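Go ahead and model the full structure; you've got the sequences and the hints to work with.
Under full-length UniProt numbering, the first residue of the sequence shown carries the number 1, and numbering increases by one thereafter.
Keep in mind that the hints were calculated from the coordinates and are not lab data. Since no wrong hints were added, every one of them can be taken at face value.
Capping the alpha-carbon separation at 25 Å, the derived lysine-lysine pairs in DSS-like fashion look like this:
no.: 1; residue 1: Lys-30; residue 2: Lys-40
no.: 2; residue 1: Lys-180; residue 2: Lys-30
no.: 3; residue 1: Lys-180; residue 2: Lys-40
no.: 4; residue 1: Lys-40; residue 2: Lys-73
no.: 5; residue 1: Lys-87; residue 2: Lys-180
no.: 6; residue 1: Lys-40; residue 2: Lys-87
no.: 7; residue 1: Lys-180; residue 2: Lys-167
no.: 8; residue 1: Lys-73; residue 2: Lys-180
no.: 9; residue 1: Lys-31; residue 2: Lys-180
no.: 10; residue 1: Lys-87; residue 2: Lys-73
Here are the computed distance ranges between Cβ atoms for each label pair:
no.: 11; residue 1: Pro-55; residue 2: Ala-272; range: 50 to 58 Å
no.: 12; residue 1: Leu-175; residue 2: Thr-106; range: 13 to 21 Å
no.: 13; residue 1: Asp-256; residue 2: Gln-276; range: 16 to 24 Å
no.: 14; residue 1: Ser-3; residue 2: Asp-251; range: 12 to 20 Å
no.: 15; residue 1: Pro-110; residue 2: Asp-156; range: 21 to 29 Å
no.: 16; residue 1: His-52; residue 2: Ser-235; range: 27 to 35 Å
no.: 17; residue 1: Ala-8; residue 2: Asp-251; range: 18 to 26 Å
no.: 18; residue 1: His-12; residue 2: Pro-110; range: 40 to 48 Å
no.: 19; residue 1: Asn-139; residue 2: Leu-211; range: 24 to 32 Å
no.: 20; residue 1: Ser-140; residue 2: Phe-18; range: 46 to 54 Å
In this text, all values refer to a predicted model and were calculated from it rather than measured experimentally. C-beta: ideal position from N, C-alpha, C; glycine also.
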Amino acid sequence: MSSYQPQASDTHPNVDRFLMQAFRHMPVWKKAHSIDEATKGIRQMAIAGIRHQYPNATTSQIKFQLAIRWLGKDIAVRFCGDRNEDKLVDAESIQLALRMAEILDTLAIPYLIGGSVASSIWGEPRATLDVDIVADIQNSQIQPLVEMLTGEFFVDEMMVREAIERKSSFNVIHLETLQKVDIFILSNQPLAQSEMQRKQQLAIAQNPERLAWLPTPEDIILQKLIWYQIGNRVSDRQWRDVLGVLKVQSDRLDLDYLNYWAATLELQELLAQALQQSGLSDE
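Here it is as structure tokens:
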């Protein structure tokens, strides 16, 4: 009996394989566009629900309710409490990622766009409401970075400094769309260093062409397995992302690299299970 697991329980394995092959041959920019379209759809459904619940709500009130759902009430009050909005702007995660890439490139800050944006580019595209970035920010770059972000984003300079000192993370919020960017400071851990060294620059938008740095498929698989393990192996979304990248990239993957790091990180069991469910191993 095959251990192949479709991405959704209501999808036949043969149909799932067909879809993964289609994603494999889809241009990167087209896949990125589908991510933005899916994200816009999620936002529009949320807005429709708010309009149904509050039929007389103004645009500002709708954005406030949307902020509560996405960011929590405290942050919503901070950013929307006294703002008079006359329009709602679509949330586009790829466009947000590209804007952040533009800023970081301008300041010569090494970075890569990870998380669900990366796994969607390399695997099965899906909506994602925020953007994860790994960046090697130096103390001398803090002030220029804050200055470039201010006005377009909410950014707290003290949070940035603390994150760099602790090798942790900080958040910035895009004020127009209320999307969150999580910026993780590059750690000294060997896998993180390897991931940054192996990153690839891809054209994720066309007309005009726009470039951004992403982790390799192998590295986003490993990162997703780490998060799945940290989350007590309960996140169907993380697991689906892993399987999506494995299925779509298939024989393009460096399995020696994956197996080496899985052994180093004690993730052999999870990787073996993922390889089986993605059809890349019969064991």
